[in-house]
Amino acid sequence: MPSGEQSEVLVSGVNEFAGAVEGLKERMRIAARNIVTEGALILADAMKEQYRARPGGSRRVSHITGKVYYAGAPNFPASPPNPTIRTGNTLNSIRPRKIGPINIDTWMSQTGPGTSYERYPELGTKFIRVPFPMVKMGIENSEERLQALAEAEWAEAEGV
Amino acid sequence: MALGLPPVVATLVADSQEFNASMDESIGKMEAFGAAGDTAGARFTKFADKASTMIIGLGVALGAYGIDKAIKFQTALDQVRNTTNATAGTIDKISKSAINLSNNTTSSAIDIVGAYQAAEQAGYKWAKAQATVTASAKLAQITQQPVVDVTKALIAAQNLGLTSGMSAAKVADTLSIALKGNENGLQGVMAILQGKVGSSFAAYHQSLGESVAVANEFSQANFTNTRQIASFIGKIGEFKGPMVDLTDENGKITKSTAGWVDSLVEAGLNVDKVKEKFSGPDGLINGLNYLKQAAGGSLPQLQKYLQAIWGTSGTPAAMALIKNLGTLTTTVEKTKSASAGGLNTAFGISQKDIDNQMKELRNKAENVLQGVGMFLLPDVRDVANWTDNTIKFFQSHPLVSKIASDSAISLFGAAVAYKIGKGLVSVVSGIKSIFAGTAITANTTATQLNTDALLGKTPGGVVGGGAGRDAEDAAKLAPIGLSEGLVAAAGAGGAYFIVKKVLMPTPGAVTALANIPATAYQNSVSKHGTNTPPFKGAVLEVVGVGPDAMSMWVTKKELAKYEASMASQAGLTPYTAPKHHKKGKTTINIKASVKLH
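Those protein sequence lines, which keep their order, are chains A and B. Mapping the first sequence onto our numbering, position 1 (from 1) lands on 1, and the numbers just tick up by one. Mapping the second sequence onto our numbering, position 296 (from 1) lands on 1296, and the numbers just tick up by one.
Be a bit skeptical, because a hint or two may be false.
[What the hints assert, rightly or not] Pair ranges (Cβ atoms, derived):
| hint | chain 1 | residue 1 | chain 2 | residue 2 | range |
| --- | --- | --- | --- | --- | --- |
| 1 | A | Ile30 | B | Leu1325 | 50 to 56 Å |
| 2 | A | Val130 | B | Ala1021 | 55 to 61 Å |
| 3 | B | Gly1234 | A | Ile30 | 52 to 58 Å |
| 4 | B | Thr1083 | A | Pro81 | 35 to 41 Å |
| 5 | B | Gly1311 | A | Ile30 | 32 to 38 Å |
[Unchecked claim] Here are some chain B residues pointing at chain A (derived, C-beta under 7 Å):
| hint | residue |
| --- | --- |
| 6 | Val1008 |
| 7 | Val1009 |
| 8 | Leu1012 |
| 9 | Val1013 |
| 10 | Ala1014 |
| 11 | Ser1016 |
| 12 | Gly1161 |
| 13 | Ser1164 |
| 14 | Asp1272 |
Hints are computed from structural coordinates only; laboratory data are not their basis. All residues carry an ideal CB built from backbone N, CA and C; glycine is no exception.
Pulled out of the complex, with its shape left as it was, chain B reads as follows (with noise of 0.2 Å):
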C-alpha cells in the first residue's frame, strides 16, 4: 500500500466458537449420562422417574441421527415436488414406498425417492413410476449399483422402443441377465443405447435382449463410437429392404440396385442367405453367426466377409461382438426368458449375500430412526401418528423393554407430543435444552409438567422457557437500535447475535442497556473490573447481545486489542487508525457470533 496507509476494510468475522463448546459440554454430560447408566448394578430407587429420564435420554441420542436423516429425506421429497409435477398425494405415496423399499433392498429411502424423483421427471404416472423404481430397486442390489443410475438407465431402456408390452421387472430382469459379468457397465451401455444406436435397434425391431447384449459387448470391448454402431447396425435395414436384381440368360446375378450385393456376390456370399439370416430376430447375432460358420473358420475369408457387407468403416464393429459371438449368442438367448419371476429370482439370491442383508438391517435401522425425526421436524403435522409411531418403535426396541414400563413409555410419548403440538421452533434447541444445565433432574420434571400441562392439569408451557427469556430481552435491547430481524432472531430461540456498534448511546439507550439481564451485567463487570456501567459517557463499539452471559461489552482500544489479536492468528496486518486522523473510524466491524440458550 503506498505510503505505507493500512487500507480501508470491513472486517467480517463469523464465530462458532461458543456454540461448538456449548455442544462438547453436552457431549460431555451424555457420556457422563451413558457411563452411569452403564454400570453394571447401577441402582435406582425410584424407577419410574428415572426410567422416564433415561427414555428420553435415549429418544434424544436417537433422536439427534434421527432427525438427521429425516431431514435429508424430508429434502429429497421436496425435491421431488419442487421439480416435478408430482401432488401431495404422490408425495405421500413416494414417501411410504421409499421406506417400505428401503426396507427390503439395500437402497436407503433417501436414495429411493431420487429414484422416483427421476421417474416423475420422466413423466410416469404413479403406477408406472412405482413399477419402475421397484424393479430398479432390486436391479441395483443384483448389480450393486447406485438405484438412482439404475432408474435412469430402466427408464432409458424403457423409452428405446424394444420394450412394447413389456413389464418393468421384464426390462429389469432382461437388462440383468444381458449384462451379466459387466454388472458395472449398465451406465456405459445405457450411454451406447440412447440415441442413434437405439432407434436403429428399434427400427428394424429387434430385440431388447439382442440390442443391451450387443452394447454391453461394445461397451466392454471399449468400442464406444455410436455413429460407427449405429451404421453398423443400419445394414440390417438394408438387407430388410427390397432388393432390385439384374440376371443374364443363366440366372447369375450381374447387376443390383443395391451396391452391396455386388460385394456379397463378389465375395462368394449366397445373398438370399444373408438377407434372410440378418433380416429375421436377432438378426445381428444370427447374421454374424452365419458368416462365421460360411467362413469355415477361415479368419481371412471372414474378414472378406464382413469387409464386403460392412465396407472398411464397420468390420471393427463386426470384430468387436466376433471375438465373443458364442458368449453373446448364448446371453441373447438367456434374455428370451428374462420375466418379472426371473428378477425377483435372482434378487432373492442376492438377499442371500451377507453385505445385502447388513445393508438391509441398517436401512430397516435408519428408516425407523427417520420415522422418528420425520415427525420432529418443524412442520410435523400428525402428531398423533407420531407418538403411536414412537411409542410402537419404543416397545419393539428391547433395550426399553429392559428399562422401562409401559406407563413410562406413554409418558414420553405423551410428553414429546405436547411439546411438538406446541410447535416447537427447533428441535434442535430443544436438544440442547435437555442436556444443558441440570438435564437429568430437569427432565424428570420436565416430564411430568408437561405431561400435566397436556392432561389440562395445569396452563403452563414447555418447561425450559428459553425463547420466552430472549425474547424479553430482544425486548431490553430493542431501543438501542438493534434491528427487527436481529430482535426476531433472539426471539426465536436465540440462535445467533450480530454484533454491531453503538456510537455514543443515547440516555434511552443506556437505560435499556442498564436493564440487560443482571448475569450479563455482572459479566462486564468482572471483564471491565468495575461496577460503574461501563459505557456511561464512552464510546463503545462493540455490543454482544443476548441472553445472561452472553452479553459483551467492549471498549474501543480493547476491540482495538481483540482486532489486533484476531489478526495476528490469522495472520493479516492489524489495522490502526493513523494519527492525523483521529476523528475517523476505518474500521467497521461486523460481527457474527453463535449463541446455545
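So here's chain A without its partners, still in its complex pose (with noise of 0.2 Å):
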C-alpha cells in the first residue's frame, strides 16, 4: 500500500461483469424470438376474432349436384366491417407464416391468412365498397395483449 494519500487501487470482477451483462444480452435476443413467436399467435387469435358466425340457413347443398352453395346477401346480408364466416376456407388459413432473425438482435414475424382472395375483402374493391379488414382490425384488437407480452418478456430477460 503506497504511503500518504496516494494509493494503489486494484480492480477485480470485470470479467464477472461482461459476462452477466453477455448473459443479460443473451436473455434480450431470446426474448425477442419469444415475442414474434407468441406475438404471431396472439396475431393470428385476433383476426380470427373478427369473424362473425355464418348465419344458420345460409348454406344450401344442391340436391341435384350435391354441391354446397353459400347465400349472401340479401339473404344473409354481410355485416362489414366483421367478415362473416362462409366456407371457413380463409380463417382456417390464418396463421403465422414467417418466423425468423433478421439479424442476432431482430426477430421478425408475418402473420396473416393464405388465401389468394383475401386481400379483396381486406382492401375493398369496386365490388366491395365497405372492405373487410380482419387483419388491421385484428392488429388493433391484439395491441394490449402484445404490449403485455412485450413488457412481461423484456422485464422477464432483464430479471425485473
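Assembly of the complex is requested from the two constituent chains, each provided in isolation within its own frame, with the hints serving as guidance.
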C-alpha cells in the first residue's frame, strides 16, 4: 500500500460483470424471439376473432348436383367491417406465416391469411365498397396483448 | 400466391439491438475502468473519493452476478411457496438452511431449495424435512448425485415401510453402504423398490439393507422386471405361511396343501430347513445361501433347487442374485452397522476430495454474492440487514480491505441502502445507469449526494433521475395516442417502447410531438436533413418514442425502404402495395424495441 495520500487500487469482477451482461444480452435476444413467436400467435387469434359466425340456413346443398352453396346478400347479408364465415377457408388459413431472425438481435414474424382472394375483402374493391379488414382489426385488437407480452418478456429477460 | 399479389400480413418485429449495443458499451467502460485500476502503480490523490467509486464498481460487478443467482434462488423459493403448503416462516427457514447446507456441501443453495420442495411436497413437517434434506445433501456429495434426485430417493425409501424407527441419516447411510460400487444407481434402485417390490419386502419384514442391496443387484444386472421380482420375493411370504402336510406311516410327507412343499421334497430339500432360512431376518439372502450350500457346488443341483422353489419365471431373478451372492451377503451385513455417525464419517471422507472442496468453495462464494443480490431484488424488505451483510462482506473481502477504509465501505452501504429504501424499480437499470455516461465521476458525486440525502442533509432523490425524465416524456407523448400501458412502461424506466403508427396527426398531436425533447427532434432533423417538422401534414407511419435520441420519425417512403431492407436480410419477400389499391395500406407494422435509458 503506497504511503501518504496515494494509493494503489485494484479492480476485480470485470470478467464476471462482462459475463453477466453477456447473459443479459442473450436473454434479451431470446425475449425478442419469444415476442415475435408468441405475438404471431396472438395476432392470428385476434384476426380470427373478427369473424362473424355464419347465419343458420346460409349453407345449402344442391339435391341434384351435391354442390354446396353459401348464401350472402340479400338473404344473409354481410355485416361489415366484420367478415362473415362462408366457407371458412380464409379463417382457417390464418396463421403465422414466417418467423425468423433478421439479425442476431432482431426477430420478425409475419401473420396473416393464405387464401389468394383474402386481400379483396381486406382492402376492398370496386365491388366491395366497404372492406372487411380482419387483419387490420386483428392487429388493433391485439395491441394490448402484444404490449403486455412484450412488457413481460423484456421484464423477465432483464430480471426485473 | 395467385395473381402474383403479395399477402396481407401483419409484421411483428422485436429488436434488442440498441439495448445490447448499450450493454456492450457498459462492458467497455467496465473493462477500461478495470484496466486503469489494474495498472500497477496507478496513483490517486483523493483516495477516499476514488475508493468509494471503486467499491461501487466492485459492488456492481459482484451484484450483477449475485443478482442473477439471487433471482434464481428467489424463484426456487417462490416455487416452494407456490407448490406446497409451506408457510412464510417455513420458507424463511428453508432459505437459511439452504445457504447453510450449501456452504458445507457440494450442492448449490438453489438445488437444496429444490430438495426442500420435494420434502414439502411429500408432506414432511419442518423437522423431518430438514433432517431428510440434510442427510440427502451429504449423501449427494458422497454419491456425486444431484441433491434433488437423492432427496426424492430418500423420501421414497422412507415411504417403503422398511425404515420404521430409523432416522433420515441412518436411512441415508444404509443407502450409501448398500449402493457401494453403484453410486450412480440410486434412481434405478429406487425405481425397482417402489411399488410391489418394496411393499413385498415390507410385508415380510425384511431389512432395508437387504432390500436396497438386492434391488441394487437387480439394477446392476439390468433385471428390472418388477412384476417378476415382486413374485420372486413373494416366496418369502409362502415360507412364512402355515404348512399343512400329510405324512405316511413312516412320517414321510406324502401330500401337502402347499404345492411348493411337494416340489421341495421332490428336489430332495429339507422343507423345514428351507422354511427356517427363508422366513428369518434377511431371509432372501440367507435362504439363497442355504440353497447354494445344499447344492454343494453343483450348478445343476442349485438350478434344480431354484426351479423347485420359484419355477421357470422366478429362477432368472434368483440366478441374478446367486452370481454375486458373496458380495451381496457382505453388503447386507455391513448395512446392519449403518448409523447417522456412519453417514457423517463417509461425508467427512468425501470432503477431503479436492473436487468437493472446490465445489464447496464455489458454493460459499456464490452464496455470499447471492446474499448481496437477494437484497438487491425489488421485493427487498430488510434494508438494514442487507447493509449489515454487505458491509460485513466487504470488510472480510481481502481485495476491498486493500483499497477501502471502513468509512468508505460504510459510505457505499449507506448509499445503496438509500437507493433500495427508495424502492428502485429495477436494479439492472441501476447498474446500467452507473455505467452510462460519465460514470466514474458521477458515481462519486452520486454516492455523496445519496449519502447526504440518507442523512437528511438534502431532500433530493437518487442521482440519475432516469425514471422521472421518462415520465415527463411519456406525458408529452400521451396526447398522440400512446396507450396507458406504454406510457406507464416508459415512466417505469423506459424498458421498451412499442412503435405504433400515427396517421394524419391532429393539431394537438403535432403540438405534442413538437414538445418532444430537443435531442430527439435534432436527431429527427439530422435524419431528415431539414429543420422543418417532418410530420406536418404528412402521413407518418412509425413513431419511435423514448427519451433523448431514441425518438425516430419515419415517413411512409422510408418505412417501405426499412421494411424492404429487413425483409431482404431475413430472406422474406417484401410487400409493396399494388397500384390499384393506392388508398389502401396493407402492411401494418408493430415494432417493439428495447431502449436503454
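Checklist entry - Can you name, in rising order, the numbers of the hints this structure does not satisfy? => result The structure conflicts with hints 2, 4, 5, 12, 13 and 14, although it agrees with all the remaining ones.
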